[in-house]
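The whole structure should be built from the sequences, with the hints applied where relevant.
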Amino acid sequence: GNSVTQMEGPVTLSEEAFLTINCTYTATGYPSLFWYVQYPGEGLQLLLKATKADDKGSNKGFEATYRKETTSFHLEKGSVQVSDSAVYFCALSDWNTGGGNKLTFGTGTQLKVEL
Amino acid sequence: NAGVTQTPKFRVLKTGQSMTLLCAQDMNHEYMYWYRQDPGMGLRLIHYSVGEGTTAKGEVPDGYNVSRLKKQNFLLGLESAAPSQTSVYFCASRNTAEQFFGPGTRLTVL
Chain Y
6 GNSVTQMEGP
16 VTLSEEAFLT
26 INCTYTATGY
36 PSLFWYVQYP
46 GEGLQLLLKA
56 TKADDKGSNK
66 GFEATYRKET
76 TSFHLEKGSV
86 QVSDSAVYFC
96 ALSDWNTGGG
106 NKLTFGTGTQ
116 LKVEL
Chain B
461 NAGVTQTPKF
471 RVLKTGQSMT
481 LLCAQDMNHE
491 YMYWYRQDPG
501 MGLRLIHYSV
511 GEGTTAKGEV
521 PDGYNVSRLK
531 KQNFLLGLES
541 AAPSQTSVYF
551 CASRNTAEQF
561 FGPGTRLTVL
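So the protein sequences, as listed, match chains Y and B. Residue numbering for the first sequence follows my numbering, beginning at 6 and increasing consecutively. Residue numbering for the second sequence follows my numbering, beginning at 461 and increasing consecutively.
Because the hints were derived from the structure by calculation, they are not lab data.
Restraint ranges, calculated between C-beta atoms of paired labels, are given here:
1. Y:Glu74 with B:Ser540: 42 to 50 Å
2. B:Gln477 with Y:Val87: 38 to 46 Å
3. B:Gly537 with Y:Thr17: 34 to 42 Å
4. Y:Ser8 with B:Ser544: 19 to 27 Å
5. Y:Thr31 with B:Ser544: 23 to 31 Å
6. Y:Phe23 with B:Lys517: 38 to 46 Å
Covered by chain B, according to a simulated footprint, are these stretches of chain Y (three or more residues, beta-carbon under 8 Å):
7. 49-63
8. 107-116
Because the structure is a prediction, the values reported are computed rather than measured. Where a beta carbon is used, it is the ideal one built from N, C-alpha and C, also for glycine.
Structure below.
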């Protein structure tokens, strides 16, 4: 079946530091890949996505590249801010696993950015 | 345009009690989902619906029932609550590109 593995947190960084959150996946078909962000007390919001190999998703200074050869979709940001403190979820949607277009989520990585 | 809304926001139940969580969306989406979020486990799909009048089981459906009588509403029911159902519950609806999530319901079962 499908699965998503992401690095465990929490990750604590100083403001303006470089961020990488690793994500790897297992899927039977040709998945689309997503990063969602959850701010404290809120629901999940889509941060970025990529629908095919070598696509790069980007938003708000965050980037992730769909690497089929390494089955990875690592999230990066060159300079984090305190406002980026949140929980980040990697997810995949595999169109070939039947109806529902369901998402499979990783366990989430908590990021804390300090001044 | 309110997006996806959930009621209630918080609830405390005693073991064996029943309750219904309501999810509503005003985006005319066909697909709707119920997830539970537990520490260290990410989000797990409970049930989903691909359109009005349809429901299907997700990854962790036991102890829950759902109904989709109207396109805009997706109800999640707990007939006899158990402490293992203490969790944060999220509803989502989907267009062709992404899922949109509600703010969540925090449920505690004592």
